[in-house]
Amino acid sequence: MNKTILEILENICDEDFSDSLDVDLFEDGYIDSLGLAQLVVEVEEELGIELSLTDLNREEISTPQKIIDFLNNQI
Amino acid sequence: MDLFTDITLFEGISFWIAFIIVALPAIVILFLGKRIKFYTLTISLLFIVSVYHGNALYQLFTFILYQLTLIYGYRLLSKKYSEKNKTYFYLGCIVIFLSLLPIVISRLHQRELVALPVGFLGISYITFRTIQILLDIYDKKEQHYSIPDIFLFILFFPTISSGPIDRSERFRKDITHQYLPKEYANILSQGIINIFLGLAYKQILGQFFYTHMNEYTHSNLPTVLIPYMYLYGFYLFFDFAGYSLMAVGTAQTFGVNVPHNFRYPFIAKDFKDFWERWHISLSMWFRDYLFSRYVMWCIRKKIFRNRLYTAASGYMITMLSMGAWHGLSFSYLCYGCYHGLMLSLTEIYQKKSKFHKKYRKNKIYTACSIAVTFQLTMLGFLIFSGRFSEVLLSVWRHL
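Same order as they appear, the protein sequences are chains Y and E. Mapping of the first sequence onto my numbering: residues 1 to 75, in sequence order. Mapping of the second sequence onto my numbering: residues 1001 to 1399, in sequence order.
These are calculated hints, taken from the structure and not from any lab test. Computed from a prediction, not measured in an experiment: that's the story for all the values here. Mixed in with the good hints, there may be bad ones.
Simulated pairs of lysine-lysine, DSS-like, Cα-Cα distance not exceeding 25 angstroms [unchecked claim]: (1) E:K1351 to E:K1301; (2) E:K1086 to E:K1301; (3) E:K1037 to E:K1079; (4) E:K1302 to Y:K3; (5) E:K1269 to E:K1140; (6) E:K1034 to E:K1086; (7) E:K1182 to E:K1272; (8) E:K1351 to Y:K3; (9) Y:K66 to E:K1361.
Go ahead and model the full structure; you've got the sequences and the hints to work with.
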């Protein structure tokens, strides 16, 4: 699952985060509201986890590691 | 008592005297750790009858009853269907359409396209709040608020006519919260600072730019557009940011932390950054309730092959709606179009340009981006002002 999450992120940001799990995706401009919408849809399609865009707290998912932890907690 | 029967919000001595009179009991009660929901509602109603008169007052209350009927009717009906049901989707669309209908009629009436005279101060801001509630019901989010909570959310006097646009659930938490004296003292002191800062912004700086701006309205020569553009841009900022600060400050006095509307918009790095700094509560509303939904729909249904087309169409639709929300005039629609185009070009440039990817963290590059964005957003304000099209028209006629 973690691999799939990193693939989704790579697809959205054009960058492999395997070695940089603590990059701030919002501060460093990798993800904006467009990328976030894409993330929600792809997580739903690839992993079957339904997220509500307006409930997402950007703080909770600001780095690849945080996204991995957050999604693992959702299962 | 004539003094208090014709008040304009945040303007003139009679508003501020009335505000101080009604704020003092609120401050005392909040310091005692009690809630003031019903007091705030009463005060909001009192302000409304002093600000709105005759037909406008009648329209406002009819409009609110209409929207509340929609909200409660929809809340009951939506429980009968599951989210996956087609009927559920169509029902949602119909309710949103009905909620938008008054503002659409009002905008068409302004352009003399519809004879029905609908329209009063704040209709557009109230519509934002009711649509937000309806879309939350559509999303099946939990609704904790009671009828007085919704009434107060819609009618809360600091934000009723010109925002900032709060969110119902966040607002409800504040009005039902019991403050510790220290906690409230902190909010109150921020509120007082915001009120004075807002007054200085609007009455001193806004007026200063307004006076100088008007020195350039007597001629239709294209050269006057350049000084006018900067003066208008700064006037608009100080006038509106000042108003928003006063709204935030007065709301804080009543224990409500309404979101801020501006955050140094003139140092934005690009157009996306600009909309996170300018009229923030409006752009965040459009982001959450239009742009993101549209983009997600496009990705799910695979409407476009290329992600950039999805983004560009999303930006155009969002910004055109934002323009139309201001009014259906040529200038507002152009303003929307301009920002839609600029956001799309920004997206394409940032995704495609190797130069951008290489230097985006470089200080000189960032400084240049800020300078370019500043000039281009000022041009946007010039389009918004209506002067741009006036002068263009006059040049056209001359030719």
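task = Run the structure past the numbered hints and jot down the numbers of the failing ones, going up.
result = Those not satisfied are hints 3, 5, 6, 7.
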